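> Each protein sequence line maps, in turn, to chains A and B. If you want the working numbering, it's the 1-based position in the first sequence plus 36. If you want the working numbering, it's the 1-based position in the second sequence plus 365.
No lab work stands behind these hints, which were simulated from the structure alone. Since the structure is predicted, the reported quantities are computational estimates derived from the model, not experimental observations. Do not rely on the hints blindly, as some may be mistaken.
[Unchecked claim] The following residues of chain A were derived to be distant from chain B, with all beta-carbon distances above 10 Å:
| hint | residue |
| --- | --- |
| 1 | L174 |
| 2 | S175 |
| 3 | R209 |
| 4 | M282 |
| 5 | L347 |
[Unchecked claim] Taking CB as the label site, the calculated pair distances span:
| hint | chain 1 | residue 1 | chain 2 | residue 2 | range |
| --- | --- | --- | --- | --- | --- |
| 6 | B | L601 | A | R169 | 31 to 37 Å |
| 7 | B | R494 | A | A155 | 36 to 42 Å |
| 8 | B | F402 | A | R169 | 52 to 58 Å |
| 9 | A | F47 | B | Q375 | 31 to 37 Å |
| 10 | B | E528 | A | S146 | 36 to 42 Å |
| 11 | B | F441 | A | G280 | 56 to 62 Å |
| 12 | B | P533 | A | F47 | 19 to 25 Å |
| 13 | B | W604 | A | A263 | 56 to 62 Å |
Glycine included, every Cβ here is placed at the ideal spot set by N, Cα and C.
Here's the letter readout for the chains.
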Amino acid sequence: MITAHALARSFRTKAGPVDAVRGVDLEVKPGEIVGLLGPNGAGKTTTLRMLTTLLMPTSGSATVAGFDLVSQPRDVRRNIGYVAQVGAAPSAGTLVGEELITQARLQGLSKPDAAARLAEVAPQLDLGGLEKRALLELSGGQRRRFDIALGLMHSPRLVFLDEPTAGLDPQSRANLWAHIRALREEAGVTILLTTHYLDEADALADRILVMDGGRIIADDTPEALKARISGDVVVLTLAGANPGNMARAVEAAGRAVAARDIATENNEVRVTVDDGGVAVAPLLRAIDTAGLTLSTVTVTRPSLDDVFLTLTGHSLREGPDGAPLHVATTSA
Amino acid sequence: MFTETFVIFQRQMRILLRNPVWVFFGLTQPILYLVLFGPLLKGVTGGGLGGNNSWKIFVPGLLLQLAIFGAGFAGFGIIQELREGVIDRQRVTPARRMSLIFGRTLGNMVTIGVQSAVLVVVALPFGLRASWDGIVSSVVMVCILAIGVSAASYAMGLILKDEDAFAPFIQGVSLPLLLLSGVLLPMSLAPGWLRHTSQVNPLTHVVDATRALFRGDFGDNNVWIGGVITIALGALLAWWGTRTFQRQSA
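Sequences are here, hints too, so could you generate the full structure?
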């Protein structure tokens, strides 16, 4: 459904050229739900905007819904739906039903077809009865469902969702996830969504493309990605941590157990082992022998945040230079 | 393409009719000038002014002011629509970019046409006595110009993307151009250097044409010159506006 090769985009800014996307290859098969996961600034939205013909690639090529991105943009547009990130508050005087019909008519549907389609789509997305409501009066969840309805009015086979649940309360998020799944289950729609929520990618996507700094750094199922880390992570939080202590803790841990990976983050030593329960005792003894003090010990099943840390050397909570980034809290 | 244009036009008009305050807002400046400044011109002589003749000279200027400010400020609307995501969701359809811009400029044109009619009607009790054919032709001319100006305004709005950048631009362009075209007082009163400079301004010729039309002087050279310039300028700006709208996909 989507094949992209070496897609790249750079912007000219006052601070010099910015390479937002640096050569992305990706493939999405019909009926898949693929998640593009990465922190803010990774290039996810730019990639999406290129694939939806809203932005010209600086280089590279892509075929979307069977049409060439650069030479057949109008055909691409006929066959895709695009749901942008949440925008500014809508103008006064815009009504739900009217905006949906306008969208359908711009997609080429006749007036009666557009009205019929509205009658179909509205109840599918729990918008039945809201046709005469002003956009301004919708709740966050309703607004997001309206945005998705906009992208579905012409029954596209491929839908792009940019951060579909950003800013929504947990109930609305779960509700929207159910609607997104239903799109694929009931209508066979192929979906490419971007998100910086790890649980969203895990819950919805058949396959996750991890994106960082304009590149795709991993492409696999959620299970396979977690299996790469494989096993449990024992998190040792050192009291009074300094570089010297941390180095000794890492060395002690390495001698104590057969670790698949040992990473550090602030005052934490994260030891990836096959079985956390078995590894805890030797680790505690080793740390104690080394004369170090622990404040907490946790054994966790791996999350995608751990995937990210392993893949990129920095967690989703930090930018590439290690500075903290604000990101929505996730469940591990 | 006509369907697409009409769909956009319908949307713009619906939103406008639900918020009519904007229509009146656009009229306040010209009406204030009409009511509070216009009557002073009755007591002025020179340049064809004096008595009720002053209205035949002043009201055309107000029409141009209405068109330039009204159409010129269209860019603010598109900047807001850009933020709301409206522009993106329209651009992601197969609708032609030309329809997206023409539906909007048509909406601006209709608004300015209606506002012009209101302005003329308000001027009547103040003493405006002009050729009716001339008035109608002038309004048409001004509407054609408005199409071009609003297209250019939309294009600049898409390029600048921000009110803080757009506002100084539009203020910096429209006021000098308007003053230089003799909207308040005829340029025949100006010293040589100012008069010659104003000749380079295409808007001057539009004002001269509408003044001749108000007099009922259809054969006047100014009418032809102004008419051609209006159409040429309108077309040029509309072309440039559409191209920019298309290129903003890049």
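> Now, for every hint given, state plainly whether the structure supports it.
Comparing the hints with the structure gives:
1. With a least beta-carbon separation of about 13 Å from chain B, A:L174 lies farther than 10 Å from that chain, consistent with its non-interface assignment.
2. Look at A:S175: its CB is around 17 Å from the nearest CB on chain B, clear of 10 Å, so calling it non-interface holds up.
3. With 10 Å as the threshold on Cβ separation, the claim that A:R209 sits away from chain B holds: the shortest Cβ distance comes to roughly 20 Å.
4. For A:M282, the non-interface assignment is confirmed: its Cβ lies about 46 Å from the closest Cβ of chain B, beyond the 10 Å cut-off.
5. Taking the minimum C-beta to C-beta distance to chain B, about 31 Å, the non-interface status of A:L347 holds against the 10 Å cut.
6. Judged by the Cβ atoms, the range 31 to 37 Å given for B:L601 and A:R169 is violated: they are separated by roughly 43 Å.
7. About 57 Å separates the C-beta atoms of B:R494 and A:A155, a value inconsistent with the hinted range of 36 to 42 Å.
8. The hinted window of 52 to 58 Å between B:F402 and A:R169 is violated, with their beta carbons roughly 45 Å apart.
9. The supplied range of 31 to 37 Å is met by A:F47 and B:Q375, whose beta-carbon atoms lie about 35 Å from each other.
10. Against the hinted window of 36 to 42 Å, the Cβ-Cβ separation of B:E528 and A:S146 comes to about 38 Å, which satisfies the hint.
11. At about 60 Å, the beta-carbon gap between B:F441 and A:G280 stays in the expected band of 56 to 62 Å.
12. As the Cβ distance of B:P533 to A:F47 is approximately 24 Å, the hint placing it in 19 to 25 Å holds.
13. Evaluation of the 56 to 62 Å hint for B:W604 and A:A263 yields a pass: the beta carbon distance comes to about 58 Å.
In summary, the structure is inconsistent with hints 6, 7 and 8 from the numbered list given earlier, while agreeing with the others.
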